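Undergrad: We have chain C already, so just place chain Z on it with the hints.
Top line first, the protein sequences correspond to chains C and Z. Per the working numbering: the first sequence = residues 30 to 378. Per the working numbering: the second sequence = residues 3 to 146.
Please keep in mind that the hints were generated in silico from the structure rather than gathered at the bench. Since the structure is predicted, the reported quantities are computational estimates derived from the model, not experimental observations. Errors might be hidden in some of the hints.
Covered by chain Z, according to a simulated footprint, are these stretches of chain C (three or more residues, beta-carbon under 8 Å) [as the list claims (entries may be wrong)]: (1) 105 to 112; (2) 212 to 219.
Listed next, with one range per pair, are the computed distances between beta-carbon atoms [said to hold, decoys possible]: (3) V80(Z) with P229(C): 28 to 38 Å; (4) T224(C) with P73(Z): 31 to 41 Å; (5) A137(C) with A129(Z): 33 to 43 Å; (6) T67(Z) with Q343(C): 21 to 31 Å; (7) G15(Z) with L82(C): 20 to 30 Å; (8) R182(C) with T67(Z): 57 to 67 Å; (9) V80(Z) with V299(C): 57 to 67 Å.
Each residue gets a CB set at the ideal place from its N, CA and C atoms; glycine is no exception.
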Amino acid sequence: MTKLIVGGPLAAPEHQRAGHPERPSRVEAAMAGVDDLHLGSDLEAVVGTPATLEQLSRVHSSAYLSELGAFCRSGGGDLDPDTYATPASFDAARAAVGAGLAAVDALAAAGEGVAFVAARPPGHHAPGDRAMGFCLLNNIAVAAAELVARGERVLIVDWDVHHGNGTQEVFWDDPSVLFVSTHQWPLYPGTGAATEVGGPHALGLTVNVPLDPGSTGDSVRAGLDELAAPAIDAFDPTWVLVSAGFDAHRADPMADLALSSGDFADLALVVRDLAPRPGRLALFLEGGYDLEAVRGSVGAVLGALLGVRRAVEQPTSGSGAASVARAVAERAAVLARLSDAGRTTGTGP
Amino acid sequence: MSPVRTIAVGYDGSLGARTAARWALDLAVQLDAQVVLVHARGMLGRTDEERLLADLAESALALATATGLDPAKTRWHVSQGDPCSALLRAGAPPISADLIVVGSRGHRNDAGLPLGSTSHQLAEHSAVPLVIVPTPVAGSEGAT
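Chain C on its own, in the form it takes in the complex (with noise of 0.2 Å):
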């Protein structure tokens, strides 16, 4: 059986507010989920330490860092109308990206299996310089970041039903990493248009999904297949890391996506297969608030990825193509023109 790496459990207690969805359990029944598979000696957990301030400074500005260190220790508050800190959430954030960067360094040592990040605060939507969207850092940039510098090329798929528009602003423009979004549109936090496609220095490495409410998984696996297969052939990653949210489950609160857990485990086999050799694949909780949902798609995904037979619900399909085809025609389109204009200013790649 392949190996499977937790980075936490990290459920954060001392951060959460009475009524916010992103809360503790969250982690809990990922946990439960992780539980169901029975790994025993298959299963490693890793908690590592909390992330320095040079770890996390390769994406976040320090001063961004020193105002919300200083903000939660002056009691916290309201970061934005959705995102709150206690006292102890930049402790915990820290804690939550340092168990990012210990599952990826665990599983860079092994050489084999899979990695799953259970930890919070979840992290996608933070960009460099602030909070947004209950995230405070960002912890799949960092890690990301990480194997950049270690000079590895990194594919990032993130299924999450919102825009991860965090990890998107930090590598805009970084030929070392390619974005790839799917996601609800329109839907929070508003970007994620496919003709969103990188900076000029990474000029196709941003893929973006826009996919119409009420869309089934085959509309997932079709926009990876059309969009985003041909960008991840040329880039060739050396690691593929997953924002993994589960709010694009049907029964999920925050949005109206129509997927199953089935159609999670069949995402799950898609990313592995981009993976260049095993060991090179890591999962990041993000978002998911339905907690049963949230329970059995993460089982169901790492049993994919594991090889444990289980019964999952069936994968979806039946919403159509429309949404992808406009995708592939936007994306075209903005390419063309943006090919276009590098050739005559030599700004292009």
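TA: Frame of chain C; chain Z shown alone:
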């Protein structure tokens, strides 16, 4: 003709937002411009959307009436995203604002987090001219 035809105002119903909106509406009367109250829905905004829309419509009408601007030149827009992102997009269609106006303080507790505040983020990133209207001390609204 004034180069300012459309003024976008960040609006979350707070004292700072109401103050900014009144300032923008007064300016709009002078410039014969239109005003768009922009509200960012955020991640948690889905549960009370009907109330939100009703509040926005009522606030827009009340503010227009109070300042004498033609109500037909006042509208509201609910945007996906956080307030900063929503207002950064206000310069593009469908709003196409020539000027963005925000209060120095919104609902959020940003007194201790200047880097994270909407007004400071906008000052750094906005491609459209920006006016930040000082928020009066609570309780003194209307004194000016």
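Undergrad: Of the numbered hints stated previously, which ones are contradicted by the structure, given in increasing order?
TA: Failing hints, ascending: 6, 7 and 9.
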